[in-house]
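S.K.: Construct the complete structure from the given sequences, taking the supplied hints into account.
Protein chains: 2
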Amino acid sequence: MRLEQLEYLEMIVKTGSFNEASKRLFMTQPSLSNAIKKLEEELKIKLLLRTKTGVSLTDDGREFMSYSKQVTDQVSLLQERYKKHEPRKKSFSVSAQHYAFVVSAFVELLKGLDVDEYNFTLRETETQNIFDDLNEFKSEIGILYLNNFNEKVLQKIMKENDLEFQPLFNAKPHIFVGYRNPLIKKKSVKLADLEDYPYLSYEQGDANSFFFAEEILSTIVHKRNIKVSDRATIFNLMAGVNGYTISSGIISNDLNDDKIVAIPLDVDDSMTLGLVKHKQIELSLTAAEYLKILKRHIQNYGFQIIDENN
Amino acid sequence: MRLEQLEYLEMIVKTGSFNEASKRLFMTQPSLSNAIKKLEEELKIKLLLRTKTGVSLTDDGREFMSYSKQVTDQVSLLQERYKKHEPRKKSFSVSAQHYAFVVSAFVELLKGLDVDEYNFTLRETETQNIFDDLNEFKSEIGILYLNNFNEKVLQKIMKENDLEFQPLFNAKPHIFVGYRNPLIKKKSVKLADLEDYPYLSYEQGDANSFFFAEEILSTIVHKRNIKVSDRATIFNLMAGVNGYTISSGIISNDLNDDKIVAIPLDVDDSMTLGLVKHKQIELSLTAAEYLKILKRHIQNYGFQIIDENN
DNA sequence: ACTATGTTATAGCTTATAACTATAACAAAT
DNA sequence: ATTTGTTATAGTTATAAGCTATAACATAGT
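Chains B and D, in that order, give the protein sequences.
Mapping of the first sequence onto UniProt numbering: position 229 corresponds to residue 229, and the numbering continues sequentially without gaps.
Mapping of the second sequence onto UniProt numbering: position 42 corresponds to residue 42, and the numbering continues sequentially without gaps.
Fair warning: there could be bad hints in the mix.
Each pair may be met inside one copy or between any two copies, as identical chains are not told apart.
Claimed, not checked - Computed cross-link-like contacts, DSSO-like style, restricted to lysine-lysine with a CA-CA straight-line distance of at most 27 Å:
hint, residue 1, residue 2
1, K69, K138
2, K23, K159
3, K23, K83
4, K89, K44
5, K292, K172
6, K156, K23
7, K46, K14
8, K69, K38
9, K138, K38
10, K90, K69
11, K23, K69
12, K83, K69
13, K69, K279
14, K227, K259
15, K38, K83
16, K159, K69
17, K69, K84
18, K46, K84
19, K259, K185
Since the hints were derived computationally from the structure, they do not count as laboratory data.
M.R.: What follows is the structure in structure tokens.
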């Protein structure tokens, strides 16, 4: 199958005639007939109904057009981008779970930029989307955690997609609660202490993707569950309904007005936060710079960077 | 640009080597080198950084990959569909504004089907999406209204996209209110009568697409506006807040439990409801069947079909 | 230092095939 | 009947994708 064949077909459908289409495509009618014939032979379906007065789409052809249009639309987008030879803007994208250090490092990276035109994207999203973004080359790196429970599944997904995980640091699970929550008096909390409070978690796109749950220990059954998709909302709910969430113990005071408190969770599990990237592709200079900043921010929070070079 | 070149590039990026990629693609390394060279020349950008120990993506290459992936993913979807030569399921799709007769005719069409496998879709959506669905061949026909105000703009859009409008019937605007609304005592209402009630309308995807407003007379300024995206919601709001909406005067009692009342609106404007389709493409048998049913349903509501064959 | 093995690039040839010209076969309108 | 419109087929030509052989260089191991 060639892109030309798809364009030819679309022109024929648009004009309702091989003859007219061939003129508009600046080619001869027999060439066009042949091109479509080849396409039909390859697909083993009849796309067009030829009569002596013109052509019309078959039902198969109608269905094929819906696929074809998707392809040609994407191609024109690409062509559009590269026919004007504009110099490329500096660009960089990260997809990450919701962590304060990811955001603060991103902000510092932006502040240090010396160019006045750029395309930078920070996608705070669900775990599955992180893998999708990497696969589609929409993001260069991803940031997420592995623990004993999700490791096997996520490693398998990464292997299948030529992705690799580079550990950054180990963190002990904490719970986050509003500053008025009775639990803040405790030095650490046990799972049993949490029973009577609503459990706040991030909405996962696909309900059955159990293993993608962003919060550690998410297999534990909670009495009351509240799912949201926005970080600001989760903070509101901590104050509003005395809810709690479980995460890595990293939270930025700047962003949260001192109204959110982290308390160590007393369980026998730890999480490894790290970076996901394409195995064979080296990091861009911008990505390497971001990683450097990220590591410094992590250390500022008092965590020890796992460095493979040592 | 050829699809092969995109696939080659992806394999090279995946393996990090021309040599290894050529093996996996069952071709020789010089051929592969040449294919990529040609691609780079065509795009006038350098995609890959060649060293004596392998290759890596340039920043331009990274950006290109995000476009390329979109294309190749769509292509694999297409290949996937046509490599197994399954017989096609009977399929048909309509995109329409929110009208009861569209739904009831669709239901009748489904009931009359003799096959047990099919793909049928009814997309009740905003005006812009109707055009998009037709353009992408996701729907075969669209149903919407024209009036004096939106006609020029919509006709222009249709012309640009090789679409045509076939009028079905003329309708006078009505308002719809809940059965407890004080206005139901009137035989007809004037715009002034409506001032004190909230105006309910359908959310339009793009806020600035003023001309796509689904309701007739939507240019008039209403004191209180409520926008929703779901028809069930609009019916709830009619009862709950005594709101009203403006439409064609067609509503199915079966679907709405007699709790919604239509009242003629006393204005000097009328709307023409009709069908939008690709100009050059004939309707499938299923679409023609649907159209026949649709016309009968419209007549059952007491409207006169505009038939171009007379 | 030399060899073996890895990398990508270049030159020239072969071959596949897309598009061409000329013509056929048919339909509808004048 | 003739003209003008369809699409399809046969045979030729020209473009270019892929091939083989080889060059140019880098790295690792004797």
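S.K.: Does each hint fit the structure? Answer for all of them.
M.R.: Evaluated hints:
Proximity of K69 and K138 under a CA criterion of 27 Å is satisfied in both settings, with 22 Å inside one chain copy and 10 Å between copies. In this assembly of identical chains, K23 and K159 lie within 27 Å of each other by CA distance solely across copies; the values are 21 Å between and 50 Å within a copy. Proximity of K23 and K83 under a CA criterion of 27 Å is satisfied intra-copy only: 24 Å inside one chain copy versus 32 Å between copies. When the C-alpha separation of K89 and K44 is checked against a cutoff of 27 Å, the pair qualifies only between copies, where the shortest distance is 16 Å, while the shortest distance within a copy is 44 Å.
In this homomeric assembly, K292 and K172 come within 27 Å of each other (Cα to Cα) only inside a single copy, at 23 Å, whereas the closest approach across copies is 67 Å. For a Cα distance limit of 27 Å, the shortest separation of K156 from K23 across copies, 25 Å, qualifies, whereas the shortest one inside one copy, 53 Å, does not. Proximity of K46 and K14 under a CA criterion of 27 Å is satisfied intra-copy only: 17 Å inside one chain copy versus 36 Å between copies. In this assembly of identical chains, the alpha carbons of K69 and K38 lie at most 27 Å apart whether taken from the same copy (19 Å) or from different copies (26 Å).
For the homomeric pair K138 and K38, the shortest alpha-carbon distance between copies (25 Å) is at most 27 Å, but the shortest distance inside one copy (35 Å) is not. When the C-alpha separation of K90 and K69 is checked against a cutoff of 27 Å, the pair qualifies only between copies, where the shortest distance is 20 Å, while the shortest distance within a copy is 31 Å. For the identical chains of this complex, K23 and K69 are intra-copy neighbours only, at 21 Å inside a copy versus 32 Å across copies, given an alpha-carbon limit of 27 Å. For the homomeric pair K83 and K69, the shortest alpha-carbon distances inside one copy (20 Å) and between copies (19 Å) are both at most 27 Å.
Taking the closest pair of Cα atoms, K69 and K279 come within 27 Å of each other only across two copies (17 Å); inside a single copy the shortest separation is 33 Å, beyond that limit. Only within a single protomer do K227 and K259 lie at most 27 Å apart by alpha-carbon distance; the minimum there is 20 Å, versus 35 Å between protomers. Taking the shortest Cα distances, K38 and K83 sit within 27 Å of each other only across copies (15 Å), while inside one copy they are farther apart (29 Å). Taking CA atoms no more than 27 Å apart as the test, K159 paired with K69 passes between copies only; the shortest distance there is 19 Å, against 32 Å inside one copy.
For the homomeric pair K69 and K84, the shortest alpha-carbon distances inside one copy (23 Å) and between copies (21 Å) are both at most 27 Å. Taking CA atoms no more than 27 Å apart as the test, K46 paired with K84 passes between copies only; the shortest distance there is 15 Å, against 38 Å inside one copy. Taking the shortest alpha-carbon separations for K259 and K185, only the intra-copy value of 15 Å comes in at or below 27 Å, while the best inter-copy value is 55 Å.
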